[in-house]
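Engineer: Chains as they are written, first to last, in the numbering used here: chain A, 1 to 345; chain B, 1001 to 1345.
It is worth saying that the hints were derived from the structure and are not from the lab.
With a Cα cut of at most 30 Å, we get these calculated DSSO-like pairs of lysine-lysine: (1) Lys-1138/B with Lys-264/A; (2) Lys-83/A with Lys-1191/B; (3) Lys-96/A with Lys-83/A; (4) Lys-275/A with Lys-1264/B; (5) Lys-1083/B with Lys-197/A; (6) Lys-1138/B with Lys-252/A; (7) Lys-295/A with Lys-1191/B.
Protein chains: 2
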Amino acid sequence: MSETVRVVVDVMGGDNAPIEPVKGAVEALMEREDIQVFLAGQKEVIERELEKYPSCPRERLEIVSATEVIETAEPPVMAIRKKKDSSIVVGLNMVKRQEADAFVSSGSTGAVLVGGQVLVGRSKGVQRPPLAPLIPTKDGVALLVDCGANVDARASHLVQFAKMGSIYMEHVVGIKNPRVAIVNNGAEEEKGNALVKETFPLLKACKGINFIGSIEARDIPAGYADVIVCEAFVGNVILKLYEGLGSTLISKVKHGMMTNLRSKIGALLVKPALKETLKAFDASEHGGAPLLGLKGLVVKTHGSASAVEIKHAIFQCAQFKQQKINEKIEKYINEQDTEEVDRKE
Amino acid sequence: MSETVRVVVDVMGGDNAPIEPVKGAVEALMEREDIQVFLAGQKEVIERELEKYPSCPRERLEIVSATEVIETAEPPVMAIRKKKDSSIVVGLNMVKRQEADAFVSSGSTGAVLVGGQVLVGRSKGVQRPPLAPLIPTKDGVALLVDCGANVDARASHLVQFAKMGSIYMEHVVGIKNPRVAIVNNGAEEEKGNALVKETFPLLKACKGINFIGSIEARDIPAGYADVIVCEAFVGNVILKLYEGLGSTLISKVKHGMMTNLRSKIGALLVKPALKETLKAFDASEHGGAPLLGLKGLVVKTHGSASAVEIKHAIFQCAQFKQQKINEKIEKYINEQDTEEVDRKE
Chain A
1 MSETVRVVVD
11 VMGGDNAPIE
21 PVKGAVEALM
31 EREDIQVFLA
41 GQKEVIEREL
51 EKYPSCPRER
61 LEIVSATEVI
71 ETAEPPVMAI
81 RKKKDSSIVV
91 GLNMVKRQEA
101 DAFVSSGSTG
111 AVLVGGQVLV
121 GRSKGVQRPP
131 LAPLIPTKDG
141 VALLVDCGAN
151 VDARASHLVQ
161 FAKMGSIYME
171 HVVGIKNPRV
181 AIVNNGAEEE
191 KGNALVKETF
201 PLLKACKGIN
211 FIGSIEARDI
221 PAGYADVIVC
231 EAFVGNVILK
241 LYEGLGSTLI
251 SKVKHGMMTN
261 LRSKIGALLV
271 KPALKETLKA
281 FDASEHGGAP
291 LLGLKGLVVK
301 THGSASAVEI
311 KHAIFQCAQF
321 KQQKINEKIE
331 KYINEQDTEE
341 VDRKE
Chain B
1001 MSETVRVVVD
1011 VMGGDNAPIE
1021 PVKGAVEALM
1031 EREDIQVFLA
1041 GQKEVIEREL
1051 EKYPSCPRER
1061 LEIVSATEVI
1071 ETAEPPVMAI
1081 RKKKDSSIVV
1091 GLNMVKRQEA
1101 DAFVSSGSTG
1111 AVLVGGQVLV
1121 GRSKGVQRPP
1131 LAPLIPTKDG
1141 VALLVDCGAN
1151 VDARASHLVQ
1161 FAKMGSIYME
1171 HVVGIKNPRV
1181 AIVNNGAEEE
1191 KGNALVKETF
1201 PLLKACKGIN
1211 FIGSIEARDI
1221 PAGYADVIVC
1231 EAFVGNVILK
1241 LYEGLGSTLI
1251 SKVKHGMMTN
1261 LRSKIGALLV
1271 KPALKETLKA
1281 FDASEHGGAP
1291 LLGLKGLVVK
1301 THGSASAVEI
1311 KHAIFQCAQF
1321 KQQKINEKIE
1331 KYINEQDTEE
1341 VDRKE
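Put together the whole structure using the sequences plus the hints.
Structural biologist: Right, here's the structure in full:
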C-alpha cells in the first residue's frame, strides 16, 4: 500500500464551513485508506458535524482544537500574527513541525498565502512561492502560475514558476512533458511588456522544461499550453475573468432558453446533457490551488468550496506527497540555478 | 440635417476584404444621408465590387486609389514608412490633411496604431493615444481602455485614458456620468501592483470623472463599470480572454446539446432564441475600437469584421465627429492638467 499522507483540514474557513469541509474530509477517508486527516477548528462544532457520519473511520481522523477564526476581511499579516489559535495558524504550524504533510483551507486567501510563507517557510532556493490553480480548458486543465501575492514579480521568479509548474503538472496531474507558455500580448517573440521581454529568453534557455513560447489569452481556454506562466496581477485577472465570464455567459444561455414556449420546452430536453458538459468547465471540480515551493504543502480551495472540492484537494495532497514533489522541486531549482550561474561565469 | 461626416474606409484590410468593407460602406450610405465615404484601395477591385450595388448613392461615394497592401504579419513601423501607397497610409494621410474626418480599417492593428500616431498625430496635451474597444457586458457594453500599443504605461497615461474614455462613453455611446474603474487584483484600496497603487489616488483626485474605485476582472462581464482603465498588456489579456473563453464556452454548449437524441431535439427548439441572446454578447456587434486622442478619428475594426461591423464603425465615426469628441477631449485634458500642476505648486 502507498505511504500514508497526513492532511490538516481547516474546518472554520470558507462560506460552507463547517459542514462541507467536514463532509469532504470524511468522504476522502472513506474512499482511500492511505489518508489520515486532522480537522482543525472548534472541537464541539466538529464533534457535532461528525455525528452525521457514523461509518466514518475515526481511527484515521483526529480533531485538533483551534478556537479562533480568521475572517476574509482581516488584514492577513496582522491576522496571522495575532490569532495564534486560529485554524489557519494551528494547521500551518502542524505542517511546519512536520506533524502533518499538508494543509487544506477554504479560508482567507491572504492569510493562507502569508501564513504559508511565514510559518511553513520556503524550500531551499525558492525565491517566491506561487499560488497555482488549475483552470479548465476545452478538453482538460491548465496550471495558471502565479495567481498569488507576488505582483510585480521579476523574471527570475517567473522562471522558477515555470519549473515548479512543470513538475506539478507532470507528477500530480499526470501530463507528460507539459507545454509551458508565457502570457503575452501577441504571439511574436518581439511582443511583450518589459517583464515578458526579459523572461522570454531565460525560459527559452531553461533546461528541463518544454517551453513553447508566448500564449495569447485567447488561446488559454483552447488548451494550447499546460503551464501558463505570468506574474500574479495578470494571473489574477485571468482567473477572475474566467469565473466572471463563465457565469455571465451561462446565465445568458439560461436566459436565452427561457425566451418563449418553444425554447422553454427545448431547455427541458437539453438541460441534463448541458449540465454534464458545463460541469467539466467548472473550476471547482479540479480541487484546490497549491502554494508551490514551500517546505510542506499548502492548498487553497475556493471560498465557496463544496465537499467534493475539499475531497479532491485532499487527494491532490496525497499525490503531491507520494510523488515527492517538494523533493523534486528543491532538486531541480537548485540544480538549474547552479548551472545558470556556471554559464554566466 | 446633421453635419456631413467624411469617412475613409480601408477596402484592402482584414480577412473579408474587399467584399465586406465595400458592402458595409454602401449600407451605411444607404441608411444615413449625413455620411460621405471614400473607399481606399485598388480601383478596379472596388469598381467591380460596387457593381453589386446599383442603387448605391454614388454622389456621396468616392474611390481613392491605393495600390499597395500592408499585410498583418509585416513589422508596422517599417510598413508605414515603406508602403506610401497602401490603403492605410493613403487613408490616414487624408485624415491628416483634413480631407476626411475619420479612417476605418480592419487591417493590421500594429500598422493602424503606429500610422495613427505618426501620420495623424496626437491632440495637444495627449501623452499616449489608447485603443479603446467596447466589450459586451451582461446588459450592455463597457469601454476597455487601453488595449493598444502602450504596454508599461505610466500612471499619468492611465489618468488620461480615464478622462478620454469617460467623454467617449458619455457622448458617443450615450451613458450619462459613466462609472470609471481601474482593473485591480482585489477590491480593497491597498491592493494592486506598483502602477495601480500609483494611479489610484490620482484617479480619486481627478475632477470630472465618476471614479468608483477598483474593479476585479470577475466583475467586468457583470457590468459593474462603464469605463475600465488598465495598461495595454492587461487590456489585451482581458480582450483576448473574452474572445477565447466566449468561443470555447459556446462550443461546449453546442457540443453538450448534441450528446444524445433527447438533447438534439431540445437543441433544435432552443437554437433560435439562444442565437439571439448570444448575439448580444458578440463583440463584433459593437462597431470598432477608436484610437482616442488623435487630431482626427481612427477606428480599428476586427480582422474578421463583417459588413455590419464596418457599417456600425462608420456610424460611430459620425457620432464622434458630430459630438465634437476631439474638441471635448483636448479641452478637458489641458484644463485638468493645468489644474493638477497648479495644485502641486
